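There are 2 protein chains.
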Amino acid sequence: MIDKKRFILPENEIPTQWYNIQADMVNKPQPMLNPGTHQPLKAEDLFPIFAEECARQELNQTDPWIDIPEEVRDQYKFYRSTPLVRATELEKALDTPAHIYFKNESVSPVGSHKLNSALAQAFYCKKQGVTNVTTETGAGQWGTALSYACRQFGLELAVYMVKISYQQKPYRRSMMQTYGAQVTASPSMSTRAGKDILTVDPQCSGSLGCAISEAIELAVNTPNCKYALGSVLNHVSLHQTVIGLEAEKQMEMAGEYPDKIIACFGGGSNFSGIAYPFMRHKILDGYNTQFIAAEPASCPKLTRGKFEYDFGDETGYTPLIPMFTLGHKFQPANIHAGGLRYHGAGAIISQLLKDGYMSAVDIQQTESFRAGVLFARTEGIVPAPESCHAIAATINEALRCKEEGKKEVLLFNLSGHGLIDMLAYDRFFANDLIDYSPSDEDINKFLKDVEPLQAK
Amino acid sequence: MIDKKRFILPENEIPTQWYNIQADMVNKPQPMLNPGTHQPLKAEDLFPIFAEECARQELNQTDPWIDIPEEVRDQYKFYRSTPLVRATELEKALDTPAHIYFKNESVSPVGSHKLNSALAQAFYCKKQGVTNVTTETGAGQWGTALSYACRQFGLELAVYMVKISYQQKPYRRSMMQTYGAQVTASPSMSTRAGKDILTVDPQCSGSLGCAISEAIELAVNTPNCKYALGSVLNHVSLHQTVIGLEAEKQMEMAGEYPDKIIACFGGGSNFSGIAYPFMRHKILDGYNTQFIAAEPASCPKLTRGKFEYDFGDETGYTPLIPMFTLGHKFQPANIHAGGLRYHGAGAIISQLLKDGYMSAVDIQQTESFRAGVLFARTEGIVPAPESCHAIAATINEALRCKEEGKKEVLLFNLSGHGLIDMLAYDRFFANDLIDYSPSDEDINKFLKDVEPLQAK
Chain A
1 MIDKKRFILP
11 ENEIPTQWYN
21 IQADMVNKPQ
31 PMLNPGTHQP
41 LKAEDLFPIF
51 AEECARQELN
61 QTDPWIDIPE
71 EVRDQYKFYR
81 STPLVRATEL
91 EKALDTPAHI
101 YFKNESVSPV
111 GSHKLNSALA
121 QAFYCKKQGV
131 TNVTTETGAG
141 QWGTALSYAC
151 RQFGLELAVY
161 MVKISYQQKP
171 YRRSMMQTYG
181 AQVTASPSMS
191 TRAGKDILTV
201 DPQCSGSLGC
211 AISEAIELAV
221 NTPNCKYALG
231 SVLNHVSLHQ
241 TVIGLEAEKQ
251 MEMAGEYPDK
261 IIACFGGGSN
271 FSGIAYPFMR
281 HKILDGYNTQ
291 FIAAEPASCP
301 KLTRGKFEYD
311 FGDETGYTPL
321 IPMFTLGHKF
331 QPANIHAGGL
341 RYHGAGAIIS
351 QLLKDGYMSA
361 VDIQQTESFR
371 AGVLFARTEG
381 IVPAPESCHA
391 IAATINEALR
401 CKEEGKKEVL
411 LFNLSGHGLI
421 DMLAYDRFFA
431 NDLIDYSPSD
441 EDINKFLKDV
451 EPLQAK
Chain B
1 MIDKKRFILP
11 ENEIPTQWYN
21 IQADMVNKPQ
31 PMLNPGTHQP
41 LKAEDLFPIF
51 AEECARQELN
61 QTDPWIDIPE
71 EVRDQYKFYR
81 STPLVRATEL
91 EKALDTPAHI
101 YFKNESVSPV
111 GSHKLNSALA
121 QAFYCKKQGV
131 TNVTTETGAG
141 QWGTALSYAC
151 RQFGLELAVY
161 MVKISYQQKP
171 YRRSMMQTYG
181 AQVTASPSMS
191 TRAGKDILTV
201 DPQCSGSLGC
211 AISEAIELAV
221 NTPNCKYALG
231 SVLNHVSLHQ
241 TVIGLEAEKQ
251 MEMAGEYPDK
261 IIACFGGGSN
271 FSGIAYPFMR
281 HKILDGYNTQ
291 FIAAEPASCP
301 KLTRGKFEYD
311 FGDETGYTPL
321 IPMFTLGHKF
331 QPANIHAGGL
341 RYHGAGAIIS
351 QLLKDGYMSA
361 VDIQQTESFR
371 AGVLFARTEG
381 IVPAPESCHA
391 IAATINEALR
401 CKEEGKKEVL
411 LFNLSGHGLI
421 DMLAYDRFFA
431 NDLIDYSPSD
441 EDINKFLKDV
451 EPLQAK
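Here the protein sequences line up with chains A and B, keeping their order. According to the working numbering, the first sequence is numbered sequentially starting from 1. According to the working numbering, the second sequence is numbered sequentially starting from 1.
In short, the hints are calculated from the structure, not lab data. Don't take every hint at face value.
Repeated chains share a single entry, so a pair holds when one copy, or any two copies, can fit it.
Derived SDA-like pairs: lysine to any residue, alpha-carbon spacing no greater than 20 Å straight-line [claimed, not checked]:
1) K354 - P35
2) K249 - L9
3) K249 - P10
4) K448 - D24
5) K92 - G154
6) K249 - I14
7) K77 - P10
8) K77 - R6
9) K77 - L9
10) K407 - P97
11) K260 - N396
12) K249 - E11
All of these numbers come straight from a predicted model, not from anything done at the bench.
Okay, chain A solo, but in the shape it has when bound:
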C-alpha cells in the first residue's frame, strides 16, 4: 500500500482566525496613496468603494490575528478543510527524490480558492446593510465564487467579465448565472471607463484592469452598493491565509515541513494564502523556507516589472499602490490563464519580494499546459490554466532535486481545477497555443506613466 495520500483536518481544526502578515513584517509596506490628494490612504478613503471592515483590514498593520466571523466559518464548513495531498504518482513519473505535496483548493463548490475571500467580503457587505455588489472577473473563478457567496448572503451581484474570457469560457458565465449573478462582457458600453477604452480600441479583448474600473464605477454610482476585489489587496490576501494555516497543520500530520512553497501568481491571492502563514516562521523564527511565485512569461510583473506607485485598475480609480508593476495600461497577451493577466502585484508581496523573502519565476504557456497534462495523467485532477504555472515551477524544482540527488519537500497550491477550461487543453493538444514574452520596449512603454515611490 502507498503511504498516506491525503491529509484532512477535522472540522474543529479549521482555523478560526486569519493571519495578517502586515503586523509581523520587518519593513511594512509603503502606504497606499489617495489618488486625488496623493496623501497616505486612510480607511475612510476606501469606504465609498469597499465594505468598511475590508477597508479597515486593508490598512491594519498591528494585529497579526483577525477573527474569522462565525457566519463565514459556517460557510467554510461547506468545503473546508481542503485536502493536503501527497503527489505520489507525479513523483514517480518524474523519478524525483523530492516529496511533492499540494493543497487542493479545487474541491470548493466553485472550483477554486477564490471562495475563501468571496464569502468574507460578501458577509461584511451584508453586515453593514449593503444590498448590491459589483466585481470583475478574469478567468471567471473569482466571479463564480462571489456569485455563490452573494447568493448565500442574499446580495445582488453584477460581474464585469474580461471579454476574452467571456468568449472563451461560456460555461463560466453560465455558472455565475446559475448562482443568480448578472454578467457583462468588459469593456462594455455601460460605464465611462468601458466606453473610453472601446472608443480607442473597439476590438479590445479586455483586461482585469479595465474590468475593475468598470466595476468600481458602477459601485460608486449605485446606491447601497459596494465593490469587491478578488486579488491584489491586503484584505483579500488576509482571507486566503486560511489555506496556509490549514496546510501548516496538515504538513504536521504528514510529518514533514516544506523546503519550498510554490504558487501561481496573478494578483497574489492564492500565493499569499498558502505562503504567508509559513512565511511568518521565516520572519519571526528564522526558518529557511523558500517561496516561489510562478507568473506567466507574457505578464512578468514580478520578474521584469518596476517597483513604483501605480493604480490597480486601468482607468485609475483605485488608490496608488506601491507595487511591482508593468504599468496599469499594460495589455497582457490573450493567454488562457485569464486569472494571471494582471499588470501588478499587491503592496505586501511587492515589499516581501523587494526584501528577499520570496522569489519569482516566469513560465511560458505551453510549458504550463505540458505540466498540467502530466499532472492530470498522474494525480487525476485537470488543473486550471493558472494552477498549471505552479505545477510547472514545481516540476522544475523536482527535476533539479533529481539532478542534484537531493530530497526536498515541495508544497504547491492547486488553486483550482480546469474543467471549465477544456477548450484551452484542446488548443494545447492541437499545438495551437503560442508562447510570448513582451519586449523590453513593450514593457517600458507603459511604465513611464507610473509614479516613483516617495520613499523606499
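Based on the hints, put chain B in the right spot on chain A.
Then chain B, alone, in the frame of chain A:
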C-alpha cells in the same frame, strides 16, 4: 454556528471490502442467459468480453463480502472517503422538518462516482495482462472515469461516446483526451453495429445501447482487449457499494439513520452503490428503510417497463438479462441527463423492485433542473443533470414531510457535478428544454421483441 456540516472518514476507515447483495437476497436474480444457447450463463461465457475477475463477480451469489484489491484501495485514497454532507441550506430553503443528507461523489477527480468501478475494472484487466480496453459513454462521466483509470494502470482505451453527448459536451470529450483516451462518436462507421444503425437512420443521435454494441464489437475483434461497462451489471454495482458502506459509517458519525435513500437511475450504478449496503439491513435485520430510484420520465423502464429477458445493448451482443426494460431498441429522447438514457435496469435491481424492496419515481427534465438550480443556490454545488433527478425526488419527499409535519431523515447520492453540463443549464434558463413522456404505444412498439422470463 451551524451543526456539523460535513462528515469525512479517516483514511483507515475507508472500506476494504465491497458488499455483494446477491449473496443475501431472498429471491436471487434469475440467471442471465447465453445469447446463443439461451442456457444459464457461466462466467466463462463472459471471458471473451470482460476481465475474468469481473465475470466471476458478476455471477457470484454466495460471498457477501469481496476484498477490494490493494491496488484499487491505493487509488481510492486519491479521493475517498467522499464527504457526507448535511444539506442545511436546502432544508432552510424548503422550510422542511426533514433532515437532508447527501453523499458527495462529485469530488472525485473525474467528477462522479463512476471512478469507483472504473479503477476496479481497469485493475482486473491489467492483472490478467490485457493491454487495450473499450467502452461506451453516455453523459461522458463513465468514459472520463475509465480514461483516467486506464491511464493509471497503463492501459490504452477507446471510448464510443453517444453522438448527442459528443456534440453537446465537447468538454467531456476533451477531458477524456486529456487523460489519453481515443474518443469516437457513436453510432460510427467503424463497427458493423454502428453501420447497421446508420444505414437505417443516418441522423441517429445515438444511445447507450448502441454505443455498448460498438464497444463490445471492437473488444472481441481486437487481440488482448477487453470491454468495460459503467453500469447495469452486477459487478459494477458491487464496486459502487463503497459509497453506501462509507455513508453507513458517516450517518453514524452524524448520529442519524436514513428513513429514505434516494438516487437517480440510469443503469443502476450509483443507485446500487448507495442503496445496497443499507438494504442489507432491510433484508437481514428487518429495517424499514425505503429506497427510491428517480428515473427520467422520458425513459421510464422502472415505472412503465416490463420485467422480461432482454439484451443490454441495442444490437444484441450481451447476455440476455432478466430486467425491467423498455426494449433494447427503445430510443430515449435527447434529454441532457445522458447517463439516464438507457432502456433497462440490471438483474439485481429488477428483482429487488419486483420483490418490493424499493420503489421508483419518474421526474421530468425541467423539474430536475429546477431542483438542480435550487441545490446550486443553496448548497453551492452545480449538480450533474443526472443527479438533478435525485435532488428533485428528495425535494418532493422533503415537501411531503413539511405537509405532514413529519421529521424524516433523507439521504441522497450526489452522483456527480454538472460543470461540464452548463450548456444544459443555459437551455433551462432560456426555457428551451422540453418535457416528454413516451406514449404507451411508443413503449409497446419495442417491448414486443423481448423474451418472456422462463420462470418468475
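Hint by hint, here is what the structure shows:
{"no.": "1", "hint": "K354 - P35", "in the structure": "neither (23 Å within a copy, 75 Å between copies)"}
{"no.": "2", "hint": "K249 - L9", "in the structure": "both (8 Å within a copy, 18 Å between copies)"}
{"no.": "3", "hint": "K249 - P10", "in the structure": "both (11 Å within a copy, 16 Å between copies)"}
{"no.": "4", "hint": "K448 - D24", "in the structure": "neither (33 Å within a copy, 78 Å between copies)"}
{"no.": "5", "hint": "K92 - G154", "in the structure": "between (47 Å within a copy, 14 Å between copies)"}
{"no.": "6", "hint": "K249 - I14", "in the structure": "within (10 Å within a copy, 22 Å between copies)"}
{"no.": "7", "hint": "K77 - P10", "in the structure": "both (10 Å within a copy, 17 Å between copies)"}
{"no.": "8", "hint": "K77 - R6", "in the structure": "both (18 Å within a copy, 7 Å between copies)"}
{"no.": "9", "hint": "K77 - L9", "in the structure": "both (11 Å within a copy, 15 Å between copies)"}
{"no.": "10", "hint": "K407 - P97", "in the structure": "within (5 Å within a copy, 55 Å between copies)"}
{"no.": "11", "hint": "K260 - N396", "in the structure": "within (12 Å within a copy, 51 Å between copies)"}
{"no.": "12", "hint": "K249 - E11", "in the structure": "both (13 Å within a copy, 17 Å between copies)"}
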